[in-house]
Amino acid sequence: MKPVLEFANVTVSFGGLKAVNDVSFTVYEGQIFGLIGPNGAGKTTAFNAITGFYKPDKGDILFYGESIVGKPTWWISRKGISRTFQNIRLFKNLTVLDNVRIALHQTARYGLFDAAARLTPRFATREEEVLSVSAELLQSVGLYDEKDKIASQLPYGKQRELEIARALALKPKLLLLDEPAAGMNPTETRELAKYIKEIRDRLGITVFVIEHHMDLVMTICEEIAVMDFGVKIAQGKPEDIKNDPRVIAAYLGQEVEESA
Amino acid sequence: MRKRTLQMLLILLILFLVPQLLYNLGFISPYILSVLMELCFFAVSAVSLNLVFGIAGQFSLGQAAFMGTGAYVFGYIINRSPNWVVFVPALLAGGLAAASLGYLVGLPTLRLKGDYLGIATLALNQIFVVVIQNLNAVGGARGYILNLGQTFRQWWLFFGLAVISIFLMRNVVYSSWGRLMVAVREDEIAAESVGIDTTKAKIWAFVIGAFFAGIAGAMSAVYSSFLHPSSFNFIQSFNYMVMVILGGLGSLSGSLLGAGIYVALLEGFRIAKDYASYIPILGAITQNEYRIVFFALALILIMLYAPKGLMGGREFSFFKGKELERK
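Heads up: the sequence lines are chains C and L, in that order.
Residue numbers 1 to 260, in this note's numbering, belong to the letters of the first sequence in order.
Residue numbers 1 to 327, in this note's numbering, belong to the letters of the second sequence in order.
Hint data in this document are derived by calculation from the structure and do not stem from the laboratory.
Note that CB positions come from ideal geometry on N, CA and C, so glycine has one too.
Among these hints, one or two may not hold up.
Okay, the calculated bits of chain C under chain L, using three or more residues with CB under 8 Å as the criterion [stated by the list, open to error]:
| # | segment |
| --- | --- |
| 1 | 3-14 |
| 2 | 78-90 |
| 3 | 96-102 |
| 4 | 107-118 |
Label-pair ranges, simulated between beta-carbon atoms [as the list claims (entries may be wrong)]:
| # | chain 1 | residue 1 | chain 2 | residue 2 | range |
| --- | --- | --- | --- | --- | --- |
| 5 | L | Tyr103 | C | Arg246 | 54 to 60 Å |
| 6 | C | Ala117 | L | Leu107 | 24 to 30 Å |
| 7 | L | Asn83 | C | Asp148 | 28 to 34 Å |
| 8 | L | Phe238 | C | Asn185 | 47 to 53 Å |
| 9 | C | Asp22 | L | Ile189 | 56 to 62 Å |
| 10 | L | Ser100 | C | Gly204 | 45 to 51 Å |
Straight-line alpha carbon distances no greater than 25 Å define the calculated SDA-like cross-link-like pairs of lysine to any residue that follow [stated by the list, open to error]:
| # | chain 1 | residue 1 | chain 2 | residue 2 |
| --- | --- | --- | --- | --- |
| 11 | C | Lys92 | C | Tyr144 |
| 12 | C | Lys149 | C | Met184 |
| 13 | C | Lys2 | C | Met184 |
| 14 | L | Lys113 | C | Trp75 |
| 15 | C | Lys18 | C | Glu239 |
| 16 | C | Lys158 | L | Glu188 |
| 17 | C | Lys173 | C | Gln86 |
| 18 | C | Lys92 | L | Arg111 |
| 19 | L | Lys308 | C | Gln153 |
| 20 | C | Lys147 | C | Gly157 |
| 21 | C | Lys171 | C | Pro186 |
| 22 | C | Lys92 | L | Leu249 |
| 23 | L | Lys113 | C | Asn93 |
| 24 | C | Lys55 | C | Gly70 |
| 25 | C | Lys71 | L | Phe319 |
| 26 | C | Lys55 | L | Lys113 |
| 27 | C | Lys92 | L | Lys3 |
| 28 | C | Lys71 | L | Tyr103 |
| 29 | C | Lys197 | C | Ala234 |
| 30 | L | Lys3 | C | Arg126 |
| 31 | C | Lys79 | C | Arg89 |
| 32 | C | Lys197 | C | Thr219 |
| 33 | C | Lys158 | L | Asp187 |
| 34 | C | Lys171 | L | Arg111 |
| 35 | C | Lys79 | L | Arg111 |
| 36 | C | Lys237 | C | Lys55 |
Here chain C stands alone, though its shape is the one from the complex (with noise of 0.2 Å):
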């Protein structure tokens, strides 16, 4: 198995507050990975370290071997990591057909005076191509016949599943979820977790997911890393997270004798 990721003794502190604290693991190809761990752990500060939202300031981090630390976000995008937010970050007055519209700048790649004059058939062949292209991943999350809808009109779960469709839009081969599943009811998160094991088989995308709803982590997850106070304490198999001792005190707290 090839490694995508690589987050490699990674630091990020906020003054004196170490948000990310040596944290090392690897994504492989192919993986549905999952970081879990409580409040305030650390878990979208990695995630901001690697689409460079934040530079961390120790450590390296790898996408197929090289090094991404430093590079401007957009960047980091194109180069082929996308991400959600856990609050949701659409084009809220933007229409549904829009917001996907948007990510694919590179399927309407054509230059100023083509766009401007209209003179070549470049612009019109490529808008076709884009919408052609909208239209398939709508159709994937079942939003095509609500395109023209304004996004933020969209029930909740369906704006995350556009914010995902709008991250597929790029075609990452590392597509990284920040809490999916947060404010879904279970029949919105079962569906989710299924839709996001259609993006690994389907489209063979490695997916890289936080998450709080341990049901779904423990369903589609192949490998779990966990956080607590910014430090890595466990990494392993759904069954041997779910047992591990460290893992249950971090949620569920120490008894006060043991840990004194």
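Place chain L on chain C using the hints.
Positioned in the frame of chain C, the structure of chain L alone reads:
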């Protein structure tokens, strides 16, 4: 779609021919035709500012500086030899000069957000005025007389330039280029995360907007044959901002409407003044200074009843690109 293009051409032809014929037949005065010419470059400038502020979301108060650059560069070149051969290159030079200024200014300032960008572009405008005031080659603070006569001051030229400029801008806005700008306006973080180089998108918006502002400036130079630094101070920038906001941010046809209403109100009050002078008190009220007061009052009313601008971000359907409209 063929049919639509023909329809559009027909409408444009009528819009062009009616004022021209009315003027030739003596139904409208040269003054009215001048107002229409003014409307043409106001519209180009308003649409170009809308591209920067309404579409790409970059609050710029330097519009007059870009127009001024276009006007002065155009004026300087055309003054060497005022003939049609020089006209088009001079016009393009004016636009490109403004675009270059947009690039140079955009590079450092587009990192600023909202109000801060507004202040920075306002400062640019002030610097521009001071530089021109001290530039003897173009007359400095005395102003710069262009020896153009009436050669270029033709309705068809103003109308044609406005149509072409606005058509090109519309095409850019309703293409992938425009979509990227809209994405930057809506949510920069989301835009970055879908692989959009937001700095580049902003700079492009600035450069394209400045180019057409420069063209509008060159048109204004033809219009008045006289350039003065005070015609390009920040008050003028505010005027264009007013047109854009009046019409609605992000709506290009709104900016046309905004420019139209702006001109109609200002000139309308001027005409109203002539008639009002027959009525005792009203005559005094509608003196020149008060014209501006009533104009402002009308603006306040429009803003109260249509806070998102008259078009509210929508667009007349004929204004959208057919490829993008079909969806």
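Kindly indicate which numbered hints from before are broken by the structure, ordering the numbers from low to high.
1, 7, 9, 13, 15, 21, 25, 27, 34, 36
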